[in-house]
Amino acid sequence: MDMAATTSQGRTHRKPGYLKRGDRRFAYLILAPAMAAFLVMVAWPFVDAMTMSFYSYTVYDPEPVFIGLDNFKAILTDPYVLGSWVTTAIFVAGTTLLTMFLGLSWALLMYQDFKGRAVFRTMTLLPWILPSTVSAFIWAWMLNGRYGIVNVLMMNVGAIDSPVQFLSNDVGAMVAVILTRTWISIPLFMSFFLAGLQGMDFQQIEAARIDGAGNLRIVRRLILPHLKPVFLVTGALGMIGNLQQFDIIFALTGGGPVRATSVLSIEVYKQAFQNWSLGMASAIGVLWVFTLMPIVIFYLRSLFRED
Amino acid sequence: MTPGKIGHTIKAGIAALALAGCATSALAADKVTFLNWITAEPSNAPVMQKLIGDTGVPVEVLSSSWGDMQKSVFLRLRTKQPLDVFQAQERWLPTFAQMPNVVDFNDVFGKEFLEKTFPPEVLVTGQVKGKQVGLPWNVGSISLISNTQVLEKAGVTDAPKTIADFVADLEKVKAAAPQSTPYAMMTKGDDLISSDFQLWLWAHGGSIFDENDKPVVNSEATVKTLTFMKDLVDRGLASLDVDRGAARRMFGQGESAFYFDAPVAKGFAEDFSGKGEAFVQYIHPILTPVEKDGMQSRSMEWGHLLVMLDTDAAKVDGKLSADSPSGRFLKGLSMNDGIQLEYFQKLGAIPVTLSARASDIVTSDRYTVEWNASLGMPKLNELAALKDSASYVGVVSEEVQSAVLGKKDAKQAAADMQSRIEKLLN
Chain Y
4 MDMAATTSQG
14 RTHRKPGYLK
24 RGDRRFAYLI
34 LAPAMAAFLV
44 MVAWPFVDAM
54 TMSFYSYTVY
64 DPEPVFIGLD
74 NFKAILTDPY
84 VLGSWVTTAI
94 FVAGTTLLTM
104 FLGLSWALLM
114 YQDFKGRAVF
124 RTMTLLPWIL
134 PSTVSAFIWA
144 WMLNGRYGIV
154 NVLMMNVGAI
164 DSPVQFLSND
174 VGAMVAVILT
184 RTWISIPLFM
194 SFFLAGLQGM
204 DFQQIEAARI
214 DGAGNLRIVR
224 RLILPHLKPV
234 FLVTGALGMI
244 GNLQQFDIIF
254 ALTGGGPVRA
264 TSVLSIEVYK
274 QAFQNWSLGM
284 ASAIGVLWVF
294 TLMPIVIFYL
304 RSLFRED
Chain B
137 MTPGKIGHTI
147 KAGIAALALA
157 GCATSALAAD
167 KVTFLNWITA
177 EPSNAPVMQK
187 LIGDTGVPVE
197 VLSSSWGDMQ
207 KSVFLRLRTK
217 QPLDVFQAQE
227 RWLPTFAQMP
237 NVVDFNDVFG
247 KEFLEKTFPP
257 EVLVTGQVKG
267 KQVGLPWNVG
277 SISLISNTQV
287 LEKAGVTDAP
297 KTIADFVADL
307 EKVKAAAPQS
317 TPYAMMTKGD
327 DLISSDFQLW
337 LWAHGGSIFD
347 ENDKPVVNSE
357 ATVKTLTFMK
367 DLVDRGLASL
377 DVDRGAARRM
387 FGQGESAFYF
397 DAPVAKGFAE
407 DFSGKGEAFV
417 QYIHPILTPV
427 EKDGMQSRSM
437 EWGHLLVMLD
447 TDAAKVDGKL
457 SADSPSGRFL
467 KGLSMNDGIQ
477 LEYFQKLGAI
487 PVTLSARASD
497 IVTSDRYTVE
507 WNASLGMPKL
517 NELAALKDSA
527 SYVGVVSEEV
537 QSAVLGKKDA
547 KQAAADMQSR
557 IEKLLN
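Top line first, the protein sequences correspond to chains Y and B. Per this note's numbering, the first sequence starts with residue 4, numbered consecutively. Per this note's numbering, the second sequence starts with residue 137, numbered consecutively.
If you're looking for bench data, these hints aren't it; they were derived computationally from the structure. Honestly, I wouldn't trust all of these hints.
Below, simulated DSS-like cross-link-like pairs (lysine-lysine); rule was C-alpha separation at most 30 Å, straight line [unchecked claim]:
1. Y/76 - B/544
2. B/411 - B/310
3. B/544 - B/366
4. B/428 - Y/76
5. B/515 - B/547
6. B/360 - B/544
7. B/467 - B/207
8. B/451 - Y/76
9. B/297 - B/207
10. B/350 - B/515
11. Y/76 - B/350
12. B/360 - B/267
13. B/523 - Y/76
14. B/350 - B/308
15. B/308 - B/289
16. B/350 - B/428
17. B/467 - B/252
18. Y/76 - B/308
Between beta-carbon pairs, the in silico distance windows are [said to hold, decoys possible]:
19. Y/163 - B/217: 44 to 50 Å
20. Y/159 - B/381: 47 to 53 Å
21. B/217 - Y/39: 56 to 62 Å
22. B/194 - Y/134: 42 to 48 Å
23. Y/134 - B/294: 47 to 53 Å
24. B/194 - Y/129: 44 to 50 Å
25. B/381 - Y/134: 19 to 25 Å
26. B/237 - Y/81: 31 to 37 Å
27. Y/156 - B/304: 34 to 40 Å
28. B/289 - Y/64: 53 to 59 Å
29. Y/89 - B/217: 36 to 42 Å
30. B/298 - Y/53: 56 to 62 Å
31. Y/129 - B/298: 52 to 58 Å
32. Y/46 - B/194: 26 to 32 Å
Positions of the beta carbon are idealized from the N, C-alpha and C atoms, including for glycine.
Given these sequences and hints, build the entire structure.
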């Protein structure tokens, strides 16, 4: 069907997105490198992993053996592996909510006009610039049970009598990975919120103040509604990023103690590089993708809707 | 340029590439690519680099930490990166032996020659299903070692014979130095936790499998072992978050009086103490204490082996040969007495050849004599020979940690360990 539509007046309009043949060819040409990269780097490994998930394949097996859905059955009947979904949900929810709250709070502070604001804004980016593994090791040292500075400070102020092994108990380890990931993500979230704030009509805030509105009311009635689209984008991006998180958790706790921080990415790593079961690792990876999919679809739909 | 000329240019290019490929391959065959973890350890790297140089064979040395070693080997092989020889822990050998291209050393050096060179108990550590897939490099045991400087300060003069004596000694050390961790028990790292657990399980008279390879870990001995390990942590006699690296540092720096390690512990303790070789007077391997007097004390068989791959560097005229670069390199590291004895003197690695072991340097060494006396009846890591060993190690480690952290009581952890092992076996 022709992409052009004829109006009652006989004039021809092109539908949005329609390109002339020459333009279309040029569009395909400039799209080709990105498509090639996508096919090689994303699509092919994904299809390969999908295929592998139906096989039993360890590194010392000469050939993969087709086992149908057995890997998926094993995952869905293993409470230890299934627990990774719960752990992932706790980590993603905790990290995303905390980062949004602190990112917004910090953006509101950085939005104020004060001396040295530019320096503060620049320094805020530091955790984001540092390689995440380096940040994880810094936090691991700070939280170390024998010589970590957190223990020293808490003992000095009398909060604890003896050192606490933060990374060796379930709650401490989960709090540590959430805090570290949050610390790294705050600059990015702050930038989003700050950009959103800068699009606000400042006169609205001034008018509200003249009408007697306090800070909290201004945030609740003016700023939060204005930032709603930013919340949607940062929320979706944050959840996607946190669902994919691996390096910080691996460097801090390795998924332990006793799977307390063993999120899906760690489970895939353990199956692939500790148990050497590439088939099982692929099956968990496939289920992990399906876990991510609803959030990605929501994010993409909201993006296209804006367009 | 005419089409004919273009064709000639392409042909010339292909020929040049082919020649370059042949040249690279020939060069690669002269140089042995050796992956190991000793050169990844700052304390040991300079000595090992020198010993590798002493073999006289050009070697490209690749380093990987002990924890990443299996992964590094598999990934290099899967991605077809050069690898001719690599170092292996004895318990990884059943897994490595299943890979293609692993050489049987009987085909390279000859079975008779190997039997003349190495003691049988050393040679057997490198054997899997009748094949000599590992060449002994440094073979000893995982034994309990004590720091007598710390113990003497606490008023302890005799090595503990029973577990009750051991705990009493730990209490004395803790009383003398409240900030210390008297026993640096492995509480981090699946491999290490399962290894320490097995040593104490054997000391309590238990085992994971019986003589018919049936799992028997849901036992009173396991419950006693897990209760003992948890009690040590709860009372501050052992600590969480300790792996071998931390334990070596704690031991060398006088924060701990005991921990389990291999003979190379000596080199680490000397280094971390800051006193160098003078510190060896305080390092004493001892028999692992047992639950009751008269029970058999056990250590865990342990060894560093060298594995050779069937690559160009392993061949002369297309055939596996002891005179190939890989063959000469391995002969140098493993069978040259000068190199073996220097490794022993500098880092405490017990030599593997009959002739080096008979040397005065070894027989008159107090540390080695005590080490040999600390062996009791050595036993192989029970999880090592299992196919998919890492899964079993993970299960044992998780259940031990669950008990030590109080997430499960000892009985539940023992029962879960048994049922999960049975599930893996099926």
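Hints, verified against the model:
{"no.": "1", "hint": "Y/76 - B/544", "result": "27 Å, holds"}
{"no.": "2", "hint": "B/411 - B/310", "result": "24 Å, holds"}
{"no.": "3", "hint": "B/544 - B/366", "result": "11 Å, holds"}
{"no.": "4", "hint": "B/428 - Y/76", "result": "47 Å, violated"}
{"no.": "5", "hint": "B/515 - B/547", "result": "25 Å, holds"}
{"no.": "6", "hint": "B/360 - B/544", "result": "14 Å, holds"}
{"no.": "7", "hint": "B/467 - B/207", "result": "26 Å, holds"}
{"no.": "8", "hint": "B/451 - Y/76", "result": "47 Å, violated"}
{"no.": "9", "hint": "B/297 - B/207", "result": "40 Å, violated"}
{"no.": "10", "hint": "B/350 - B/515", "result": "17 Å, holds"}
{"no.": "11", "hint": "Y/76 - B/350", "result": "26 Å, holds"}
{"no.": "12", "hint": "B/360 - B/267", "result": "39 Å, violated"}
{"no.": "13", "hint": "B/523 - Y/76", "result": "22 Å, holds"}
{"no.": "14", "hint": "B/350 - B/308", "result": "40 Å, violated"}
{"no.": "15", "hint": "B/308 - B/289", "result": "9 Å, holds"}
{"no.": "16", "hint": "B/350 - B/428", "result": "26 Å, holds"}
{"no.": "17", "hint": "B/467 - B/252", "result": "14 Å, holds"}
{"no.": "18", "hint": "Y/76 - B/308", "result": "53 Å, violated"}
{"no.": "19", "hint": "Y/163 - B/217: 44 to 50 Å", "result": "49 Å, holds"}
{"no.": "20", "hint": "Y/159 - B/381: 47 to 53 Å", "result": "28 Å, violated"}
{"no.": "21", "hint": "B/217 - Y/39: 56 to 62 Å", "result": "25 Å, violated"}
{"no.": "22", "hint": "B/194 - Y/134: 42 to 48 Å", "result": "35 Å, violated"}
{"no.": "23", "hint": "Y/134 - B/294: 47 to 53 Å", "result": "51 Å, holds"}
{"no.": "24", "hint": "B/194 - Y/129: 44 to 50 Å", "result": "45 Å, holds"}
{"no.": "25", "hint": "B/381 - Y/134: 19 to 25 Å", "result": "22 Å, holds"}
{"no.": "26", "hint": "B/237 - Y/81: 31 to 37 Å", "result": "34 Å, holds"}
{"no.": "27", "hint": "Y/156 - B/304: 34 to 40 Å", "result": "36 Å, holds"}
{"no.": "28", "hint": "B/289 - Y/64: 53 to 59 Å", "result": "55 Å, holds"}
{"no.": "29", "hint": "Y/89 - B/217: 36 to 42 Å", "result": "39 Å, holds"}
{"no.": "30", "hint": "B/298 - Y/53: 56 to 62 Å", "result": "57 Å, holds"}
{"no.": "31", "hint": "Y/129 - B/298: 52 to 58 Å", "result": "56 Å, holds"}
{"no.": "32", "hint": "Y/46 - B/194: 26 to 32 Å", "result": "43 Å, violated"}
Consistency note: the structure conflicts with the earlier hints numbered 4, 8, 9, 12, 14, 18, 20, 21, 22 and 32.
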